[in-house]
Amino acid sequence: MMEIMEGSHAVAHAVRMCRPEVIAAYPITPQTHIVEALAEMVANCSLDAEYITVESEFSALSACLGASAAGSRVYSATTSQGLALMFEVCFNTAGMRLPVVMSIVNRALGAPLSIWNDQQDSISLRDSGWLQFYAEDNQEATDLHYIAYRVAEDKGVLLPAFVCFDGFILSHTYEPVEMLTQEQVDSYLPPYSPVQRLDSKNPISIGLFASPDYYMEFRYEIDRAMKASSQVIREAGRRFGEMFGRDYSNLVEEYRMDDAECAIVAMGSICGTVKDAIDEMRRDGQKAGLLRIRTFRPFPGDEIKKALAGVSSVAVLDKNISLGAKGAVALEVRDALYGSGIPVLDYIIALGGRDVAKKDIKSVVKMAMAGNGDLFYGLRGEVLG
Amino acid sequence: MTDEQCSLFEPGHRACGGCAAALAARAILDAAGPDTIIVSATGCMEVFSTPYPETAWKVPWIHSLFENNSAVASGITAALKKQGRKEKVIALGGDGATFDIGMLCLSGAFERGHDFVYICYDNEAYMNTGIQRSGATPYDASTTTSPAGKCSTGNRRPKKDLPAILAAHGAPYVATATIAYLPDLKKKVRKALDTEGPCYVQVHAPCCTGWGFEGEKTLAIARLAVETGLFVSYEMENGVVTRVKKVVRKPVEEYLKEQRRFRHLFRPKRNDAEIAKIQAIADRNAEKFGIDINLKK
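Line by line, the protein sequences give chains D and G. Numbering-wise (this note's numbering), the first sequence opens with residue 1 and increments by one. Numbering-wise (this note's numbering), the second sequence opens with residue 1 and increments by one.
The set of hints was computed from the structure by calculation and includes no laboratory data. None of these values were measured; they are calculated from a predicted model. Careful: at least some of the hints might be erroneous.
[Claimed, not checked] Below 25 Å or equal to it, Euclidean Cα-Cα: the simulated BS3-like pairs (lysine-lysine) are:
1) G/K159 / G/K81
2) G/K81 / G/K191
3) D/K275 / D/K287
4) G/K187 / G/K257
5) D/K155 / G/K217
6) G/K257 / G/K296
7) G/K217 / G/K191
8) G/K187 / G/K246
9) D/K201 / G/K191
10) G/K58 / D/K201
11) D/K155 / D/K227
12) D/K201 / G/K277
13) G/K159 / G/K288
14) G/K82 / D/K201
15) G/K257 / D/K201
16) G/K159 / G/K86
17) D/K358 / D/K326
18) G/K86 / G/K186
19) G/K245 / G/K159
20) D/K201 / G/K86
21) G/K269 / G/K246
22) D/K201 / G/K81
23) G/K296 / G/K159
24) D/K305 / D/K326
[Stated by the list, open to error] Pulled a few chain D residues facing chain G out of the computed Cβ check, cut under 7 Å:
25) E21
26) E50
27) V54
28) E55
29) A63
30) L65
31) G66
32) A69
33) S72
34) E88
35) F91
36) L198
37) I206
38) L208
39) N250
The beta carbon of each residue, even a glycine, is placed where N, CA and C say it ideally should be.
Input sequences plus hints: build the corresponding full structure.
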């Protein structure tokens, strides 16, 4: 049924229907509407979960880690500073192969303090072993939660997952969203059945220390599982499409890429603006297209290489910056295109909530076609020292 | 030996000879039994008992990080409750994990009232990293980060009163115990497990390597800590001290002189002023808890 819903509330309802047994979360803007909605559901018995109101994000994820190790499906949500505080636990959760699912309501990192959107927070955790999905709109933000649980808990994956969607731009915006029914979710997402759990009937030790003789093999296996998850995501996405009509079988989305000369590569809500700009550019005879990355981890290098074959320039919109290097997406796209000779230009854009309009996208395309890139787009010269 | 007679904490781990923490682990599991989930913090105990692919633990055991065992335990208790399971949860940590880096998680978990027991094996410094001071290090102890020197008599601060802090959280049962008296330790662990809500047991666990004494003296040193009044063994129920081990007190010197960490108080020359300050700590403990047995003449 199509409903007009705030992004956060749509996500909260999707999470409810995934039947998490334990939720642990700590309030932080702009994530709060999700966890408030879930608390209300628990208070009104429409969600039968243990809700732990922890004293920090660090404890939120630690509690999720414990509950997951004890065999429960778990959920948390955070953003920005909260995710940064979880850094240590993020690596630990992935290393222990616990399929925790967490919403990341993307927000900039301080200093300076900013509550507004960019993707620096989740991008900074790219090496932690979590799957990373990025939603373009609230429909995707909800659907990706069902898919994330199904993929994370797959016996061939067993890795935690971020479902990322842009703070305020999506989280606080009302959009039409097609919500699944509980029966539909139940038919798509089976109950969590852990391979192993903390259980006195079958005692095991989890989280041992590994000497140099063993450590590398653990890391290799996590990487192998992450890479194998690509196929699991495709299958889970295809099945979702078969059952509910919205297909997620690709890790990337191609928009008007068939004969594109300049390809924009981006993630998240900015892609809506990009698509509108492309439509207008196409009307003016400019052959621009969009390659949207929906799954950043595992990184879909092969799909990207295939989709970008034949374009004359690539303009990557990075809502993050690896300070002293470049935007993380551009670096990885460049790696995927290594040896192709296709120029990949990077545009650091929309940091800390700076608005991006269609004219900015057109301007980026123009710059990319002229070979002018690897820069911060839209800097205000008058406020620079 | 039949399997039932074996300890749930297996021998063959890598603790130092004379390690009080290893002794405590065995006693704790003796008291707790097999239906127990252990959540270990990073530290000596974790490292010596679980070098992959080996483990000394015959109960379900998890180690996540240094500072989050209380939070992990919170999650486990929530999951067990939701799943209708009856296992007991014990979070285990050294004094560094408990008094210092894990304090936030510990306070949060106690305030929320999860049904679990936190047991701190208190060896009064960061032993796993090489004997650095912690919030549990006693006054004047020389550690690698509070070394005694020409202008230092060792650790400048007294030990943090963590049991009182946790009792102030409304914990229904808080106790101190020592490996010197194992039946008492076991009784307290059992009582903590049988009490609903977050309970705390702080186990005094002398470290031969860190404190500087021979491994065969561990029990004797632990006993001297009690007998001098520098360590008080007691129980608090709902914030009120209900039981205290009384002693015929010995001068603190008898405890101090046995340990390398206090050697600077006696050599090259005796520091009467500092020894008197430590005696005053023991005297205050004695007065506060009423531990003195006055022998009739």
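Hints versus structure:
Straight-line distance between C-alpha atoms of G/K159 and G/K81 comes to about 36 Å, which puts the hinted pair past the 25 Å bound. About 20 Å separates the Cα atoms of G/K81 and G/K191, which keeps this hinted pair within 25 Å; it holds. Note on D/K275 and D/K287: the hinted pairing holds, with a Cα-Cα distance of about 13 Å set against a maximum of 25 Å. Proximity of G/K187 to G/K257 is assessed by CA-CA distance (about 31 Å); at most 25 Å being required, the pair is judged violated.
Straight-line distance between C-alpha atoms of D/K155 and G/K217 comes to about 51 Å, which puts the hinted pair past the 25 Å bound. Of the supplied pair hints, the one linking G/K257 and G/K296 is violated, its CA atoms being roughly 29 Å apart against a limit of 25 Å. Between G/K217 and G/K191, the direct Cα distance comes to roughly 29 Å. Violation of the 25 Å bound is thereby established for this hinted pair. Of the pairs offered as hints, the one joining G/K187 and G/K246 holds, with about 17 Å between alpha carbons and a cut-off of 25 Å not exceeded.
Restraint check: the Cα-Cα separation between D/K201 and G/K191 comes to about 23 Å, which is no more than 25 Å; the hinted pair holds. Taking the CA atoms of G/K58 and D/K201, the gap is about 11 Å. The hint holds against a cut of 25 Å. Between the alpha carbons of D/K155 and D/K227 the distance comes to roughly 14 Å, so the proposed pair stays at or under 25 Å and holds. As the CA atoms of D/K201 and G/K277 are separated by approximately 52 Å, the hinted pair breaks the 25 Å bound.
For the given pair, G/K159 sits about 15 Å from G/K288 by alpha-carbon distance, which is consistent with the 25 Å threshold. Pair hint G/K82 plus D/K201 holds up; C-alpha atoms about 18 Å apart against a cutoff of 25 Å. Between G/K257 and D/K201 the CA atoms are separated by roughly 48 Å; this puts the pair beyond 25 Å, and the hint is violated. Taking the CA atoms of G/K159 and G/K86, the gap is near 36 Å; set against the 25 Å cutoff, the hint is violated.
Among the hinted pairs, D/K358 with D/K326 is consistent with the structure: their alpha-carbon atoms are about 23 Å apart, no more than 25 Å. A hinted pair counts as satisfied when its Cα atoms are at most 25 Å apart, and G/K86 with G/K186 qualifies at roughly 20 Å. Taken as a hint, the G/K245 and G/K159 pair is honoured in the structure, with Cα atoms around 20 Å apart against an allowance of 25 Å. About 12 Å separates the Cα atoms of D/K201 and G/K86, which keeps this hinted pair within 25 Å; it holds.
Of the supplied pair hints, the one linking G/K269 and G/K246 is violated, its CA atoms being roughly 33 Å apart against a limit of 25 Å. The hinted pair formed by D/K201 and G/K81 meets the criterion: a straight-line CA distance of about 17 Å does not exceed 25 Å. The straight-line distance between the Cα atoms of G/K296 and G/K159 is roughly 33 Å, outside the 25 Å bound, and the hint therefore fails. About 20 Å separates the Cα atoms of D/K305 and D/K326, which keeps this hinted pair within 25 Å; it holds.
Nearest Cβ of chain G to the Cβ of D/E21: about 4 Å, under the 7 Å cut. The hint holds. Annotation: interface hint on D/E50 holds; nearest CB of chain G at approximately 4 Å, less than 7 Å. The criterion of a C-beta within 7 Å of any C-beta in chain G is met by D/V54, whose closest approach is roughly 6 Å, and the hint holds. Because the beta carbon of D/E55 sits about 3 Å from the nearest beta carbon in chain G, less than 7 Å, this interface hint is met.
Checking D/A63 against chain G: minimum C-beta separation of about 3 Å stays under 7 Å; hint holds. Given hint, D/L65 at the interface with chain G, holds; its Cβ is 6 Å from that chain's nearest Cβ, closer than 7 Å. The beta carbon of D/G66 is positioned within 7 Å of a beta carbon in chain G (closest approach about 3 Å), and the interface hint is therefore held. Checking D/A69 against chain G: minimum C-beta separation of about 5 Å stays under 7 Å; hint holds.
Annotation: D/S72 was flagged as interfacial toward chain G, and the flag holds, the nearest CB pair being 4 Å apart, inside 7 Å. The interface hint given for D/E88 holds, since its Cβ lies 6 Å from the closest Cβ of chain G, which is under the 7 Å cut-off. Proximity of D/F91 to chain G is violated relative to the hint, the smallest CB-CB distance being about 9 Å (cut-off 7 Å). Below 7 Å, beta-carbon pairs count as interface contacts, and D/L198 has one with chain G at about 4 Å; its hint therefore holds.
Among the interface hints, the one on D/I206 holds; its C-beta lies about 4 Å from the nearest C-beta in chain G, closer than the 7 Å criterion. Because the smallest distance between the Cβ of D/L208 and any Cβ of chain G comes to about 4 Å, under 7 Å, the interface hint for this residue holds. For the restraint placing D/N250 at the interface with chain G, the shortest Cβ-Cβ distance is roughly 35 Å, beyond the 7 Å limit, so the hint is violated.
When held up to the earlier numbered hints, the structure conflicts with 1, 4, 5, 6, 7, 12, 15, 16, 21, 23, 35, 39 and fits the remainder.
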